[in-house]
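> Quick note, the sequences are listed as chains X and U, same order.
According to my numbering, numbering within the first sequence proceeds without interruption in unit steps and concludes at 559.
According to my numbering, numbering within the second sequence proceeds without interruption in unit steps and concludes at 559.
No wet-lab data here; the hints were simulated from the structure.
None of the values given here were measured: they were computed from a predicted structure.
Honestly, I wouldn't trust all of these hints.
Claimed, not checked - Here are the simulated DSS-like pairs of lysine-lysine, each with C-alpha atoms no more than 25 Å apart in a straight line:
| no. | chain 1 | residue 1 | chain 2 | residue 2 |
| --- | --- | --- | --- | --- |
| 1 | X | LYS455 | U | LYS88 |
| 2 | U | LYS498 | X | LYS339 |
| 3 | U | LYS455 | U | LYS223 |
| 4 | U | LYS342 | X | LYS455 |
| 5 | X | LYS342 | U | LYS532 |
| 6 | U | LYS223 | X | LYS88 |
| 7 | X | LYS504 | U | LYS498 |
| 8 | U | LYS417 | X | LYS417 |
| 9 | X | LYS417 | U | LYS455 |
| 10 | U | LYS417 | X | LYS455 |
| 11 | U | LYS342 | X | LYS88 |
| 12 | X | LYS342 | U | LYS455 |
| 13 | X | LYS88 | U | LYS504 |
| 14 | X | LYS455 | U | LYS339 |
| 15 | U | LYS417 | X | LYS532 |
There are 2 protein chains.
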Amino acid sequence: MQKQPNTLLVIGGVAGGASAAARARRHSEHTRIIVLERGPDVSFANCGLPYHIGGDIPDREELAVQTPESLKGMLNLDIRTMTEAIAIDRANKAVKVRSVATGEESSISYDKLVLAPGASPLRPPLPGIDSPKIMTLRNLEDMDRIKAAVESVDSVAIIGAGFIGLEMAEQLHEIGKQVSVVELQPQILPQVDAEMVRPLENALRDKGINLILGDGIQGFEEIESGLSAKLNSGATLDVGLVILSIGVRPESGLARDAGLEIGPRGHVVVDAWQRTNDPDVYCVGDVCETEDPILGKRTAIPLGGPANRQGRTAADHIHLGDKALKYPGSIGTSIVRVFDYAAGIAGYSERRLKMEDVPYQTVTVNGPSHASYFPGAETITLKLMWSPDDGRVLGAEASGKDGVDKRLDIIATAIRGRLTIDDLAHLELAYAPPFGNAKDVVNVAGFAAGNMRDGLLLPVADLQSAGEQIIDVRPPASAEKKPVPGAKNIPLTELRGRLDEIDRSKPVYVICQMGKTSYFGARILANNGYEAYSILGGAHHQV
Amino acid sequence: MQKQPNTLLVIGGVAGGASAAARARRHSEHTRIIVLERGPDVSFANCGLPYHIGGDIPDREELAVQTPESLKGMLNLDIRTMTEAIAIDRANKAVKVRSVATGEESSISYDKLVLAPGASPLRPPLPGIDSPKIMTLRNLEDMDRIKAAVESVDSVAIIGAGFIGLEMAEQLHEIGKQVSVVELQPQILPQVDAEMVRPLENALRDKGINLILGDGIQGFEEIESGLSAKLNSGATLDVGLVILSIGVRPESGLARDAGLEIGPRGHVVVDAWQRTNDPDVYCVGDVCETEDPILGKRTAIPLGGPANRQGRTAADHIHLGDKALKYPGSIGTSIVRVFDYAAGIAGYSERRLKMEDVPYQTVTVNGPSHASYFPGAETITLKLMWSPDDGRVLGAEASGKDGVDKRLDIIATAIRGRLTIDDLAHLELAYAPPFGNAKDVVNVAGFAAGNMRDGLLLPVADLQSAGEQIIDVRPPASAEKKPVPGAKNIPLTELRGRLDEIDRSKPVYVICQMGKTSYFGARILANNGYEAYSILGGAHHQV
Chain X
17 MQKQPNTLLV IGGVAGGASA AARARRHSEH TRIIVLERGP DVSFANCGLP
67 YHIGGDIPDR EELAVQTPES LKGMLNLDIR TMTEAIAIDR ANKAVKVRSV
117 ATGEESSISY DKLVLAPGAS PLRPPLPGID SPKIMTLRNL EDMDRIKAAV
167 ESVDSVAIIG AGFIGLEMAE QLHEIGKQVS VVELQPQILP QVDAEMVRPL
217 ENALRDKGIN LILGDGIQGF EEIESGLSAK LNSGATLDVG LVILSIGVRP
267 ESGLARDAGL EIGPRGHVVV DAWQRTNDPD VYCVGDVCET EDPILGKRTA
317 IPLGGPANRQ GRTAADHIHL GDKALKYPGS IGTSIVRVFD YAAGIAGYSE
367 RRLKMEDVPY QTVTVNGPSH ASYFPGAETI TLKLMWSPDD GRVLGAEASG
417 KDGVDKRLDI IATAIRGRLT IDDLAHLELA YAPPFGNAKD VVNVAGFAAG
467 NMRDGLLLPV ADLQSAGEQI IDVRPPASAE KKPVPGAKNI PLTELRGRLD
517 EIDRSKPVYV ICQMGKTSYF GARILANNGY EAYSILGGAH HQV
Chain U
17 MQKQPNTLLV IGGVAGGASA AARARRHSEH TRIIVLERGP DVSFANCGLP
67 YHIGGDIPDR EELAVQTPES LKGMLNLDIR TMTEAIAIDR ANKAVKVRSV
117 ATGEESSISY DKLVLAPGAS PLRPPLPGID SPKIMTLRNL EDMDRIKAAV
167 ESVDSVAIIG AGFIGLEMAE QLHEIGKQVS VVELQPQILP QVDAEMVRPL
217 ENALRDKGIN LILGDGIQGF EEIESGLSAK LNSGATLDVG LVILSIGVRP
267 ESGLARDAGL EIGPRGHVVV DAWQRTNDPD VYCVGDVCET EDPILGKRTA
317 IPLGGPANRQ GRTAADHIHL GDKALKYPGS IGTSIVRVFD YAAGIAGYSE
367 RRLKMEDVPY QTVTVNGPSH ASYFPGAETI TLKLMWSPDD GRVLGAEASG
417 KDGVDKRLDI IATAIRGRLT IDDLAHLELA YAPPFGNAKD VVNVAGFAAG
467 NMRDGLLLPV ADLQSAGEQI IDVRPPASAE KKPVPGAKNI PLTELRGRLD
517 EIDRSKPVYV ICQMGKTSYF GARILANNGY EAYSILGGAH HQV
């Protein structure tokens, strides 16, 4: 029934490799499963590394999920740590390996091979880059080194404001370090559209973190107190330690040297069962390309979830053949916590849609994390992108203090099901006052998108795009507390009686606090013959 | 372009009626919109009522979301409270109304009529049922009455352990009352399968709540200290006050008298635009039937989310005609909080599938609410039901202390998208240690379901269904701490070496703590030729 290779060799023992090995053992008790790992650790919780440095996860053992011994006991895996694969001899189905400790070389034969070498942190060839005071974070050893090093410094610069950079910034602040974050883009989290991460940028600054956006590094120089980083802008930044988190590069050298097909950005090319162009060699995790199921393009998503499920897919195909479930591609769902805030994305950002020249429409709405009348509700901002052709959801971004993960998961599921804005409008989500809303912010996004299509909502994305006639329909107290520049305040409840104060010959741009009352106001005006626009997200999002 | 009725009359001013009126105003500024409400309040937060009684929502104003005056100001609605609709004259398109205060009768003409009278709490004709010490909770007046009455009693009996009954039990306990809960079914929350709500039953008992399951009420008798309830079992229960929450009955009398079509359970029959068999009369909310989009049957779901969106649908159809978005039916997603626990359902329970004689398969898995190595993770139990024909998800239930709402929303979205168990396996959910898992419990449910289909997992639903040869593969310490009756302990890590202790001639039933290691153990045994079953949910769920 099942195919059982005599020897399954896995290169790389963390997320994707460990999953492939574990799943293979479920299929076959008698296959010899060998896992090679260049480092000393396997199957550790790599996403948790920043949180041990900051103390959220005090016990290092929590991160060392498995050991070679535990995997031997549980799964009868032959784990060989400190063992580097240096060449694949596909003709003879063997991998040449070298002991990291002794340098001794040997060869291991395989029937099936799974490559899961991952991706390594980028280290650009800048002057001074080789200083031991410039660190990267990939594994437990890196973590231990950083944890030891930060003890003796007061200040740390983090280069790159992606997910890991921001997690490190938060954690190092929590243990009292003076933290600077340098990001080449004019925003943090470049995967997410700029306006959506502004609350997180504010949160970082409120904590006293020195956030340097739109500036890059020209080089480093060792100084007595640590390192001096020279920025593109000409400024210098003197800190005790630098952590580099500007991205990763797929470790595809071994695959490339073995003649396996490599994609345009250096990733190993695989089919939907994670098979390379050699039918006996599979490849999973950060090192490989996959399909983008939203637009059918190729993509590469270096995240733990996809890696784990790709490993499982490879093992299934090895044992079940073509009746194995295909890997359906990656949509890049991701999230980061920054102090009290979270932000994330599922599918395409507006920026990526623009770059790819894909037609789209977008709307941004606010809503409470649970019933606004129940204590503890926090505002979630949700930005939705969809196809104007068929209303299909292309992506969404969310930020806020609570419930961001839930909304991203709903959208991720909706994207998988190829749901439309109309489907979002009518999602029937769990509602009790502590947990949700009779009309959740996801429903509201669907409503707003449908209103745009049906011509009920003429939106303006931001205050900057609004014309000169701006009407603020908030109650006077709110309008005075957080005024909108250039706006005239006519509270919604007075709007119908004060239409003569609004110039019919010019478009009207209506704003409120959350972007809901402004829509009500714009409808009143439109139904009275005005060309009326609603400013999305309201003062909460714009001012 | 749009149709604009001269007069839109709405009967009922809470969830569905208020939504219909508000949405109608977005479409048309010049329609006269009249809303009749028998009570003194409109558009209040009916789902929040228990939480003001218990003090979670201290400010009553939070629940009185809108007033007739605020709705006049914002939406130019003509709200007539304390006004009861007593007859519909469909031939003349008029509704006869009566002032609750004066008894004065008059008539209001309509072009379009929306019925949203809701459903009223059941009050069965038992001896003593008319005692003023037996209360029900539907509106702010009921809430005020109960809040005042509980002040002078020490003990309260809640009849019916559905959502509202449990919320009341929690809240009354929180303000120091001695609470009894009487439920005719042998479990709380009869919408959800029995084994899934056991943690909540334990939580109630742990708090000292007197939980009486599988027993009903024969009648009540007033006694000096309050009321004495006589139970079917012969027991009596003496308390200061009784709250009746055994369900609701659709208030369809007005519609029935007007000759509108009524369904088998007394609900008003509507089409996908919420239209009754009279094209000028719509009906929304708890009073009407709708479609069950999972199996295409008729259903009625008395919940706030559906009511609100049905109101919107009716208003859209009145103004846009057949290009209005159809209401897609209700799947009954619901959730309740009981102290630290939550439990809920989306779609079909196993019991309902059995009752409807629908073929299904089911699996129950456990998983952490977020990365188990990050502080604060709590176990979620997820039970999944799907169609053996095509793997389509038919329903799911979840319980636990954190993240239950998120998983139900993911499943609700999956059901809307007609996703399969394989789709669940590969959902790409938001993962960072504080928020999720590389393999979330929803993925794991999809994995387990696929394993069942592919013959890798032979499950046994509960310990009672297991045969005599039970192997507990937990480490000895865990096995001793929470022993499984009749089981022999062979830790997983020793299993391969101790196969000779297991009788090959009999099926083996493997159990562990969470239902994962037992699957690993069963695979080892199956791959060694045993007939090996894994006991779902593990000791966490079974013992």
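> All hints are to be evaluated individually against the structure, with a verdict given for each.
Checked hints:
1. X:LYS455 <-> U:LYS88: holds (22 Å)
2. U:LYS498 <-> X:LYS339: Given pair U:LYS498, X:LYS339 is violated - Cα atoms ~40 Å apart, limit 25 Å.
3. U:LYS455 <-> U:LYS223: Not OK: U:LYS455 and U:LYS223 at ~34 Å, beyond 25 Å, violated.
4. U:LYS342 <-> X:LYS455: holds (17 Å)
5. X:LYS342 <-> U:LYS532: Given pair X:LYS342, U:LYS532 holds - Cα atoms ~23 Å apart, limit 25 Å.
6. U:LYS223 <-> X:LYS88: violated (44 Å)
7. X:LYS504 <-> U:LYS498: Judged against 25 Å, a Cα distance of about 68 Å means the pair is violated.
8. U:LYS417 <-> X:LYS417: With Cα atoms ~20 Å apart, U:LYS417 and X:LYS417 stay inside 25 Å; holds.
9. X:LYS417 <-> U:LYS455: holds (24 Å)
10. U:LYS417 <-> X:LYS455: Within the cut-off at roughly 24 Å; holds.
11. U:LYS342 <-> X:LYS88: violated (57 Å)
12. X:LYS342 <-> U:LYS455: holds (17 Å)
13. X:LYS88 <-> U:LYS504: OK: X:LYS88 and U:LYS504 at ~23 Å, within 25 Å.
14. X:LYS455 <-> U:LYS339: holds (22 Å)
15. U:LYS417 <-> X:LYS532: violated (33 Å)
In this structure, the earlier hints numbered 2, 3, 6, 7, 11, 15 are contradicted, and the remaining ones agree with it.
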